[in-house]
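Chemist: Listed below, chain by chain, are the residues.
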Amino acid sequence: MSLLKPFSRLTGLNTANILLVENEEQFQQKLADTVVLQEKTVNVNVLARSLPLPMENEESRPRIDLVVFIIHLTSELSFQSAETSLKYLDPGYFQGKVCFLVTSARNVSVPPERLVSVRTLAASLHCPLLCAEDQTTEGVTTAAHRLLAILKVAAGLVPMATSLYLSTLTRCTVPSDIDQQNFE
Amino acid sequence: MDDSTKRILQRLIRRIPSQMLQTMLGKWAHLSREDLHSLDFTQPKWVLTEQLLALCEENGLRVKHITELEMIYIIENPNQGMWHGFQLLDAEEDAPSIELTQFKKQFKANLTELISNVSIKIKKHTDEAIWIRVAWGDNFTKPNHLKPTYVVHHLQTPYVFVTGLTSKYKPLLNQALVLATRYGSMKDAHLSGRNLTAIRDLLMRQYQQVFPTKNPKPLQEKNPVPRNPNIEKEHAENTENRLQMACEAFGDGTLPQLQKAVYKLETKFRDNSNKTLTDREEPFRGVVEFASTNLLESLRHCVSSGMASTPVTPLLSSITQKGRNYFVITDKGV
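Protein chains in written order, with my numbering: chain A, 724 to 907; chain B, 9 to 342.
Since the hints were made in silico from the structure, they are not lab data.
Predicted, not measured: the structure shown is a model, and the values here were computed from it.
Beta carbons are placed, not taken as given, at the ideal position from N, Cα and C, and that holds for glycine.
Careful, some of the hints might be misleading.
Simulated crosslink set (DSSO-like; lysine-lysine; CA at most 27 Å straight-line) [unchecked claim]:
hint, chain 1, residue 1, chain 2, residue 2
1, A, K728, B, K241
2, B, K241, A, K763
3, B, K340, B, K330
4, B, K241, A, K875
5, B, K241, A, K753
6, B, K35, B, K53
7, B, K131, B, K150
8, A, K763, A, K753
9, A, K810, B, K241
Per label pair, the in silico range of CB-to-CB distance [said to hold, decoys possible]:
hint, chain 1, residue 1, chain 2, residue 2, range
10, A, S798, B, T338, 30 to 36 Å
11, B, P220, A, T864, 40 to 46 Å
12, B, T221, A, T864, 39 to 45 Å
13, B, M315, A, E779, 20 to 26 Å
Some, not all, of what chain A presents toward chain B, calculated at C-beta under 8 Å [what the hints assert, rightly or not]:
hint, residue
14, E747
15, N766
16, L770
17, R772
Start from the sequences, fold in the hints, and give me the full structure.
Modeler: And the structure:
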């Protein structure tokens with residue numbers, strides 16, 4: 724199985740690379756454009772539909788610092804595709820270099836169980852879960868801003884902060900965990 | 009003017025939207041310019057109707073003039089009502105050389121022979137289409153102008169488009185058309201929709217088609233679209249392939265606007281989890297209907313975004329390849 728490995732390549736100077744994985748391939752383009760616009764000197768965005776990534780690009784692909792799984796809560800297929808893609812990630816990524824981004828969380832027609840299952844997945848992997856609004860430009864800009872903040876830490880561009888340290892602060896928790904902490 | 013004529017005129021004015029009324033009356037040309045100027049088109053429609061009725065009475069206009077106005081309106085706005093496509097088969101030797109006057113004469117003669125009380129109007133439109141309006145009557149009743157049938161035929165093509173035809177008069181119209189166009193028979197093309205231009209484009213393949221090529225990328229003369237060097241697409245090839253297959257199956261650019269595709273299933277039930285239904289001998293009858301404001305556009309998007317698997321299943325691509333939207337599927341094939 725071709726796993727995506729976090730440290731198989733040398734890092735570049737002043738660069739950070741983010742991989743956006745989305746089954747529908749719609750939000751990722753907008754997000755990528757905004758991220759590149761916001762931080763002109765730093766990054767390269769790689770857009771994919773699912774993992775594993777094609778073998779042909781193995782040589783030219785830069786080192787990926789942050790993998791973001793974009794899940795649209797309106798579609799079950801989105802979630803399942805993200806779940807199956809997780810298998811192709813080297814475990815080294817799960818120390819703060821993976822992030823889940825969820826859209827349409829406020830949508831009334833979305834079954835609440837789906838958000839719960841995404842949260843349990845993110846909590847079990849110790850990854851942060853971000854909610855984004857993909858229909859307006861402000862929503863896209865906000866999401867890009869937050870991703871950039873995590874990306875800079877994951878690429879080592881922020882002094883005194885590592886992605887593992889950040890992930891202990893930002894990791895997703897499922898409500899039952901919090902309740903248990905409160906009452907013990 | 010008698011009551012029925014008045015009623016026909018009133019219905020027609022009510023049907024034509026206010027914005028178009030002035031242009032339609034101008035094209036009609038049965039009212040003099042002074043009369044037209046005397047009408048104030050900013051008034052409410054019922055006031056206009058009264059004034060028009062009075063003007064028509066003055067000018068002594070009769071049913072045949074009013075039906076002319078209706079025909080002008082329908083020709084300008086053909087995308088209402090349900091249009092059905094038909095195909096003529098077994099052309100005889102002189103079918104390709106039929107010309108307008110001959111067709112008109114033959115059609116009128118044939119139809120009046122078959123049913124005496126009909127009112128027929130034939131008009132040739134600028135885009136080489138012949139429009140026929142038929143109002144049907146019986147031996148004892150006058151033609152009913154409130155429910156006319158419209159027929160569109162392009163000469164030298166084997167296609168006919170009909171709207172407003174009841175099954176009672178279908179065989180008569182068929183026979184008259186077949187004889188007038190010098191073909192052997194006419195069959196249902198199984199294509200129907202609200203938009204006449206759409207079904208005409210689909211049947212006569214007048215939309216932008218994409219043909220399979222071995223080297224789909226264009227020559228490298230032109231500068232490619234400036235892509236952001238910072239953004240890399242991993243699955244670009246896959247996306248391009250999917251888009252290519254979607255366009256090959258459904259076409260490029262603006263697609264004809266179909267509203268429905270109906271698949272009538274007469275196949276045996278096949279599902280291993282449901283034993284009672286699977287063991288039956290007779291076919292399981294079901295109807296699958298796809299509906300959308302622009303069906304072909306939605307299907308193309310389904311394929312290009314990966315929702316429908318590629319290669320495109322022939323069940324969907326035969327909508328455009330065969331030009332029909334009603335299919336009966338049996339176990340032996342479509």
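Chemist: Each hint should be assessed against the structure and marked as holding or not.
Modeler: Hint by hint, here is what the structure shows:
1. Straight-line distance between C-alpha atoms of K728 of chain A and K241 of chain B comes to about 19 Å, which keeps the hinted pair within the 27 Å bound.
2. Using a Cα cut-off of 27 Å, the hinted pair K241 of chain B and K763 of chain A holds, with the two alpha carbons roughly 19 Å apart.
3. Of the pairs offered as hints, the one joining K340 of chain B and K330 of chain B holds, with about 18 Å between alpha carbons and a cut-off of 27 Å not exceeded.
4. A distance of roughly 21 Å separates the Cα atoms of K241 of chain B and K875 of chain A; the hinted pair therefore holds under the 27 Å criterion.
5. Pair hint K241 of chain B plus K753 of chain A holds up; C-alpha atoms about 13 Å apart against a cutoff of 27 Å.
6. For a cut-off of 27 Å, the pair hint linking K35 of chain B to K53 of chain B stands: about 19 Å separates their Cα positions.
7. The hinted pair formed by K131 of chain B and K150 of chain B meets the criterion: a straight-line CA distance of about 22 Å does not exceed 27 Å.
8. Between the alpha carbons of K763 of chain A and K753 of chain A the distance comes to roughly 16 Å, so the proposed pair stays at or under 27 Å and holds.
9. Between K810 of chain A and K241 of chain B, the direct Cα distance comes to roughly 21 Å. Compliance with the 27 Å bound is thereby established for this hinted pair.
10. Remark: the range hint 30 to 36 Å for S798 of chain A to T338 of chain B is upheld by a beta-carbon distance near 34 Å.
11. For the hinted restraint 40 to 46 Å between P220 of chain B and T864 of chain A, the CB-CB distance of approximately 42 Å keeps it satisfied.
12. For T221 of chain B paired with T864 of chain A, a C-beta distance near 41 Å keeps the hint of 39 to 45 Å intact.
13. Take M315 of chain B and E779 of chain A: their Cβ atoms lie about 25 Å apart, and the range 20 to 26 Å holds.
14. With 8 Å as the threshold, the beta carbon of E747 of chain A comes within range of chain B, its nearest partner Cβ sitting at about 7 Å, so the hint holds.
15. Against a cut-off of 8 Å between C-beta atoms, the interface hint on N766 of chain A holds, since the closest Cβ of chain B lies about 6 Å away.
16. This hint holds: L770 of chain A has a C-beta 5 Å from the nearest C-beta of chain B, less than the 8 Å allowed.
17. This hint holds: R772 of chain A has a C-beta 5 Å from the nearest C-beta of chain B, less than the 8 Å allowed.
Every hint, counting from the list given before, is met by this structure.
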